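Chemist: Below, each chain spelled out in residue letters.
Protein chains: 2
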Amino acid sequence: MTTPSPAAPASDRELVLTRLIDAPREKVFKAWTTPELLVQWFTPKPWQTVRAEVDVRPGGASLVVMRGPDGTEFPNRGVYLEVVPNKRLVFTDAFTEAWKPSEKPFMTGVLTFEDEGGKTRYTARVLHWTVADREAHEKMGFHEGWGKATDQLAELIGAPRPTA
Amino acid sequence: MTTPSPAAPASDRELVLTRLIDAPREKVFKAWTTPELLVQWFTPKPWQTVRAEVDVRPGGASLVVMRGPDGTEFPNRGVYLEVVPNKRLVFTDAFTEAWKPSEKPFMTGVLTFEDEGGKTRYTARVLHWTVADREAHEKMGFHEGWGKATDQLAELIGAPRPTA
Numbered sequence: 005m006t007t008p009s010p011a012a013p014a015s016d017r018e019l020v021l022t023r024l025i026d027a028p029r030e031k032v033f034k035a036w037t038t039p040e041l042l043v044q045w046f047t048p049k050p051w052q053t054v055r056a057e058v059d060v061r062p063g064g065a066s067l068v069v070m071r072g073p074d075g076t077e078f079p080n081r082g083v084y085l086e087v088v089p090n091k092r093l094v095f096t097d098a099f100t101e102a103w104k105p106s107e108k109p110f111m112t113g114v115l116t117f118e119d120e121g122g123k124t125r126y127t128a129r130v131l132h133w134t135v136a137d138r139e140a141h142e143k144m145g146f147h148e149g150w151g152k153a154t155d156q157l158a159e160l161i162g163a164p165r166p167t168a
Numbered sequence: 005m006t007t008p009s010p011a012a013p014a015s016d017r018e019l020v021l022t023r024l025i026d027a028p029r030e031k032v033f034k035a036w037t038t039p040e041l042l043v044q045w046f047t048p049k050p051w052q053t054v055r056a057e058v059d060v061r062p063g064g065a066s067l068v069v070m071r072g073p074d075g076t077e078f079p080n081r082g083v084y085l086e087v088v089p090n091k092r093l094v095f096t097d098a099f100t101e102a103w104k105p106s107e108k109p110f111m112t113g114v115l116t117f118e119d120e121g122g123k124t125r126y127t128a129r130v131l132h133w134t135v136a137d138r139e140a141h142e143k144m145g146f147h148e149g150w151g152k153a154t155d156q157l158a159e160l161i162g163a164p165r166p167t168a
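Protein chains in written order, with the working numbering: chain A, 5 to 168; chain B, 5 to 168.
With the rest of the complex left out, here is chain A (with noise of 0.2 Å):
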């Protein structure tokens, strides 16, 4: 008898990563909507975040501006879709702000935070309108990259490295 994985997608639109994180949900849920605090975890090195801005409130703009290596930069805007404190948040790039559509359509993020033995299970699922957009993004490194970035996240809230 197995138990069903936290990770696993719902469908071949997705994409999961989860993580249990030795630190309250209110720490982790805070370095996700902290400007000062996102710009320190949220790429994995030797790429940087740069800039963030959130407006973290149903219907909200978010642009988070990445630097890779060479020094290009990548400004990310999206809108919050859903927002509740400590437990939940999703945003999605299929908006620059409310409700103006994007170039391109391509996730939105559901995050989830909860209390598993007074630690926290940090889920992230992310849905693509398309199965190429799903293979796409696994391909660009989603699995290592949002890994090296919750590692890092940790560690900036004081956590030890995260287990699956």
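Just so you know, the hints here were simulated from the structure itself, not pulled from any lab data. In this text, all values refer to a predicted model and were calculated from it rather than measured experimentally. Don't be surprised by glycine CBs; every beta carbon is placed ideally from N, CA and C. There could be a bad hint or two in this list.
Ranges between beta-carbon positions, derived for each pair [stated by the list, open to error]: (1) 61(A) - 60(B): 38 to 44 Å; (2) 49(A) - 142(B): 33 to 39 Å; (3) 80(A) - 14(B): 20 to 26 Å; (4) 50(B) - 34(A): 55 to 61 Å; (5) 140(A) - 14(B): 26 to 32 Å.
Examples of chain B residues lying across from chain A (beta carbon under 7 Å, computed) [unchecked claim]: (6) 114; (7) 115; (8) 133.
Here the structure of chain A is known, so what remains is to put chain B in place on it, guided by the hints.
Modeler: Only chain B this time, still in chain A's reference frame:
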């Protein structure tokens, strides 16, 4: 000197319909958010709306089934993004439920209901992800279709034929 028309689209991906309806905002909003009313006005004859299920809150799903003159049924699923009773209603077909990506993100509708000289200024801004989709929607008869439907809405709530 000219006054900018309220019907001017803000971009080449947008279609706009605006009407002055001689009824209170509450009644126009109610016609949009009550299944028993929606089925009576939503589609221009000889089309019919045979089913409407609406969960009118941000993240709530909607299902509206339209039936063509030959009996073919067209289910339309969407999600509400913003709900301000009697003032503003935003929905999109980019999701079929919160937050499941649809097969094809086609449009987002931003409806506003404003007081104007004792009547209701009703404006529907319909935003598309591509210029091609805006053009296709226009060729499908957006202006005539939404115009006739709005006439039916007004008739249903006992208002005279709306004016531009």
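Chemist: Take the hints in turn and mark each one as holding or not.
Modeler: Hints, verified against the model:
Between residue 61(A) and residue 60(B) the beta carbons are some 19 Å apart, a value that contradicts the proposed interval 38 to 44 Å. In this structure the supplied range 33 to 39 Å is violated for residue 49(A) paired with residue 142(B), their Cβ-Cβ distance being about 48 Å. Remark: the range hint 20 to 26 Å for residue 80(A) to residue 14(B) is upheld by a beta-carbon distance near 23 Å. Between residue 50(B) and residue 34(A) the beta carbon distance is about 57 Å. The supplied range of 55 to 61 Å therefore holds.
At roughly 31 Å, the beta-carbon separation of residue 140(A) and residue 14(B) lies within the given 26 to 32 Å, and the hint holds. A hinted interface residue such as residue 114(B) counts as satisfied when its beta carbon comes closer than 7 Å to some beta carbon of chain A; here the least separation is about 6 Å, so the hint holds. Checking residue 115(B) against chain A by beta carbon gives a least distance of about 11 Å; that is not within 7 Å, so the hint is violated. Residue-level restraint check for residue 133(B) holds (minimum Cβ-Cβ distance to chain A is 5 Å; threshold 7 Å).
Of the numbered hints stated above, those contradicted by the structure are hints 1, 2 and 7, listed in ascending order.
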